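Chain Y is already provided as a structure; the job is to place chain Z on it using the hints.
Number of protein chains: 2
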Amino acid sequence: MCLTFSKAAIAWAAMNSSNTVRLGVLGCGTVGTSFVQLITEQADEIERRTGMRLEIAAVSVRDASKERAGVDASLLTTDSDGIVTHPDIDVIIETMGGVDHTKALMLSAFGSGKPVVTANKELLALHGPELFAAADTAGVDLALEASVAAGLPFIRALRESLVGEDVSRAMGIVNGTTNYILSQMTEHGASYDNALAEAQRLGFAEADPTADVGGFDAGSKAAIIATLAFGEAVRAGDVHIEGIETITADDISNATRMGYVIKLLAVVEQSDSGAIAARVHPTMLPSSHPLASVRDSFNAVFVEGAGIDQIMFYGRGAGGHPTAAMMVGDAIDVALNKRAGVHRSVGELGSAAIVPIDDSVSAFYVSIDALDQPGVLADIANAFGSEGVSIRSMEQENSTDDVARLVFITHDAIESDFRKTLAAVSDLDAVKNVGQVLRVVCD
Amino acid sequence: MCLTFSKAAIAWAAMNSSNTVRLGVLGCGTVGTSFVQLITEQADEIERRTGMRLEIAAVSVRDASKERAGVDASLLTTDSDGIVTHPDIDVIIETMGGVDHTKALMLSAFGSGKPVVTANKELLALHGPELFAAADTAGVDLALEASVAAGLPFIRALRESLVGEDVSRAMGIVNGTTNYILSQMTEHGASYDNALAEAQRLGFAEADPTADVGGFDAGSKAAIIATLAFGEAVRAGDVHIEGIETITADDISNATRMGYVIKLLAVVEQSDSGAIAARVHPTMLPSSHPLASVRDSFNAVFVEGAGIDQIMFYGRGAGGHPTAAMMVGDAIDVALNKRAGVHRSVGELGSAAIVPIDDSVSAFYVSIDALDQPGVLADIANAFGSEGVSIRSMEQENSTDDVARLVFITHDAIESDFRKTLAAVSDLDAVKNVGQVLRVVCD
Numbered sequence: 002m003c004l005t006f007s008k009a010a011i012a013w014a015a016m017n018s019s020n021t022v023r024l025g026v027l028g029c030g031t032v033g034t035s036f037v038q039l040i041t042e043q044a045d046e047i048e049r050r051t052g053m054r055l056e057i058a059a060v061s062v063r064d065a066s067k068e069r070a071g072v073d074a075s076l077l078t079t080d081s082d083g084i085v086t087h088p089d090i091d092v093i094i095e096t097m098g099g100v101d102h103t104k105a106l107m108l109s110a111f112g113s114g115k116p117v118v119t120a121n122k123e124l125l126a127l128h129g130p131e132l133f134a135a136a137d138t139a140g141v142d143l144a145l146e147a148s149v150a151a152g153l154p155f156i157r158a159l160r161e162s163l164v165g166e167d168v169s170r171a172m173g174i175v176n177g178t179t180n181y182i183l184s185q186m187t188e189h190g191a192s193y194d195n196a197l198a199e200a201q202r203l204g205f206a207e208a209d210p211t212a213d214v215g216g217f218d219a220g221s222k223a224a225i226i227a228t229l230a231f232g233e234a235v236r237a238g239d240v241h242i243e244g245i246e247t248i249t250a251d252d253i254s255n256a257t258r259m260g261y262v263i264k265l266l267a268v269v270e271q272s273d274s275g276a277i278a279a280r281v282h283p284t285m286l287p288s289s290h291p292l293a294s295v296r297d298s299f300n301a302v303f304v305e306g307a308g309i310d311q312i313m314f315y316g317r318g319a320g321g322h323p324t325a326a327m328m329v330g331d332a333i334d335v336a337l338n339k340r341a342g343v344h345r346s347v348g349e350l351g352s353a354a355i356v357p358i359d360d361s362v363s364a365f366y367v368s369i370d371a372l373d374q375p376g377v378l379a380d381i382a383n384a385f386g387s388e389g390v391s392i393r394s395m396e397q398e399n400s401t402d403d404v405a406r407l408v409f410i411t412h413d414a415i416e417s418d419f420r421k422t423l424a425a426v427s428d429l430d431a432v433k434n435v436g437q438v439l440r441v442v443c444d
Numbered sequence: 002m003c004l005t006f007s008k009a010a011i012a013w014a015a016m017n018s019s020n021t022v023r024l025g026v027l028g029c030g031t032v033g034t035s036f037v038q039l040i041t042e043q044a045d046e047i048e049r050r051t052g053m054r055l056e057i058a059a060v061s062v063r064d065a066s067k068e069r070a071g072v073d074a075s076l077l078t079t080d081s082d083g084i085v086t087h088p089d090i091d092v093i094i095e096t097m098g099g100v101d102h103t104k105a106l107m108l109s110a111f112g113s114g115k116p117v118v119t120a121n122k123e124l125l126a127l128h129g130p131e132l133f134a135a136a137d138t139a140g141v142d143l144a145l146e147a148s149v150a151a152g153l154p155f156i157r158a159l160r161e162s163l164v165g166e167d168v169s170r171a172m173g174i175v176n177g178t179t180n181y182i183l184s185q186m187t188e189h190g191a192s193y194d195n196a197l198a199e200a201q202r203l204g205f206a207e208a209d210p211t212a213d214v215g216g217f218d219a220g221s222k223a224a225i226i227a228t229l230a231f232g233e234a235v236r237a238g239d240v241h242i243e244g245i246e247t248i249t250a251d252d253i254s255n256a257t258r259m260g261y262v263i264k265l266l267a268v269v270e271q272s273d274s275g276a277i278a279a280r281v282h283p284t285m286l287p288s289s290h291p292l293a294s295v296r297d298s299f300n301a302v303f304v305e306g307a308g309i310d311q312i313m314f315y316g317r318g319a320g321g322h323p324t325a326a327m328m329v330g331d332a333i334d335v336a337l338n339k340r341a342g343v344h345r346s347v348g349e350l351g352s353a354a355i356v357p358i359d360d361s362v363s364a365f366y367v368s369i370d371a372l373d374q375p376g377v378l379a380d381i382a383n384a385f386g387s388e389g390v391s392i393r394s395m396e397q398e399n400s401t402d403d404v405a406r407l408v409f410i411t412h413d414a415i416e417s418d419f420r421k422t423l424a425a426v427s428d429l430d431a432v433k434n435v436g437q438v439l440r441v442v443c444d
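Top to bottom, those sequences are chains Y and Z.
Just so we're aligned, residue 2 is where the first sequence starts under this note's numbering, counting upward by one.
Just so we're aligned, residue 2 is where the second sequence starts under this note's numbering, counting upward by one.
No wet-lab data here; the hints were simulated from the structure.
Note that the structure is predicted; figures quoted are calculated from it, not measured.
C-beta atoms are modelled at their ideal positions from N, C-alpha and C, and glycine is treated no differently.
Do not take every clue at face value.
Unchecked claim - Which residues of chain Z face chain Y? A partial, calculated answer using Cβ under 8 Å:
1. T51
2. L153
3. P154
4. G308
5. F314
Chain Y on its own, in the form it takes in the complex (with noise of 0.2 Å):
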């Protein structure tokens, strides 16, 4: 019923005032509605406070017949190229998703001058660096706030405040199902697998998990949040990936026992020489980190630099409202910012070196079976000495009559040098069995 472009988009431009500032938004699913929502609603107190009226232009859907909630239907078409082109439009609001399509139409938006605000990760993880140069060439924004950890207004900390800082690491909870299920399997002794059907049940994890539990969705994460933090080019396939679904409740009873929590994190880190790594995997944190009592749904980013010491935002990381609300905020920023003549940008990003994981460095925890005999404790010490692991903390649990379970705890060391270990430890007559493997976040 509504092929062509909006005519409601032009009905609206052509009553503005000169401080209106008209809003195009691509896609109208949960975000997309919320957000137009929220600037209904928000209209005249964000006038107030920034001299500025936004107001929703036109709104792309692939049904336009479809009713939608809080959407005034004359606002609905189906062309999005026509949105991003149209001259009375400002700046673009893309709650979409997708990648090919949806890249083409945040370049041709770039194109005709228009500022684009942006919460999908995946573009992002995949073609950020060439996007964020596209921006800069047209001398247009490309705000992203919503695109990781979605709640959390931390993505403009590390674009603005922190853009000074020399931030040495930064360590996530940016997927809020994994949370979720880890949650539950350390609050209520939960399975992984009922853990993941409760999530199911409640909407918190998608009928094929795999990329929550998997580690992906939070590797396109890692990916944004390194490129912002070190000014580098960082890609999703740069993120070293680990997922969750090995995690068992026994895991999670020995770290609780041992003082410890298990949460899914993307770490990204730059040494001296200004190489980067960028990781996702489950990891063994003490109770008594910031990050620990990050529970539930809930997100967090914790950044640590030479300056700043420590510093963690926690928030919603999903949900419809959380992420329409940081994209309402990107919608104010980029409209003053357009209104001005000027843009943000994230400056020429670097190429540093990506670390392959074989030399990453951390701490890791491992259980292996051993038979309960004298001598057998020390030829395992022998094999973690003589690749250079040290030891930091053993424990041994009684599991059966004449089979010990051996809780070991390093200190920091290098991957290859501890899958070497691993290997020496397997080929010893007495261990029975090695275990479960985590890196273990020491301070």
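Coordinates of chain Z only, in the frame set by chain Y:
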């Protein structure tokens, strides 16, 4: 030795290429020194990421003959008035503290078209609305990230990311000294006096600790948070203030037993009518609350709103490096804005009504010593009920043979109703003592 305006600054200016921004620093204490060091160390990286070179043009001190580690002596001058008006200085960094003279310098800087970056909470809490208006009139920035919870980039989030958000409440642990003292009491069972003495020994508390332990420092910060969170003019005098001096080891252990921690919170709330309540007081928080795990001298600010749900910012509240790091972020921001010929306004601040403390609403904790006799609890419960104060929970502790300690937590109640309840309870013959009263945050 250096009484006139720094020749060094003029020399710097002469060397400047067009991408250089010259900073005039007022004050060279811990923060000023750290700021100069950070700029010196990070200048190359900042230039790479922003295209702009930041240089220290001059630093004002009281005694220019005193050496300052890491600060080139030729930059020092005693002429702060000269710095704020010098045509070759672009941005003013105010780290000197103080109110009247500093305010005059700031207004003079605005008059010379210079944006100001400040960490001066006293000045902003007393004269913030006037200073914001003066900066606006001059068309320059007044940036204040480091004025509240210095090492947390949350002011920018309030001013920018959340400017379109309907914030209902912000609660902050914004004083490191009191948080250190309360953490020591909670974790080590220390008495208030011993914890204070330890804080003084470690340099976390002043010889005269009144400004911190009396809640006055947090009160200044509450006024600034309320102003920016709600876009309303709120001043230090609008904030109801109670300190932590009366908190005992008993109070702490009662709270722990009941699953709470005690924190000194700055609480600012805006009701649906638009009226603002701003208070600083010791507060019982459930131990599962994100603010409950903020330990030692760390700070955090927890913000609630319709869109964002809950957000928390966590980090170092003070210290030369964290404070200076945030001021570097601000300096980059205002320098970019100045080059672009734009500035960030807080908009026209409203003048919302301030809720008197008698009319404010909170849940309360109170401990009451009463004779251990039949009917006493009913009499006390009646006293609550007749003022419309609803009891959420009650616990009885066995204190002595014939006197029982009763600990009540109420549902939300109007302050004056609760005070009337306490007066009525005091008048009961069986009641021997009405002890500690604390406000409670239940969710």
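Quiz item: Which hints, by number, does the structure contradict?
Solution: Hint check: nothing fails, all pass.
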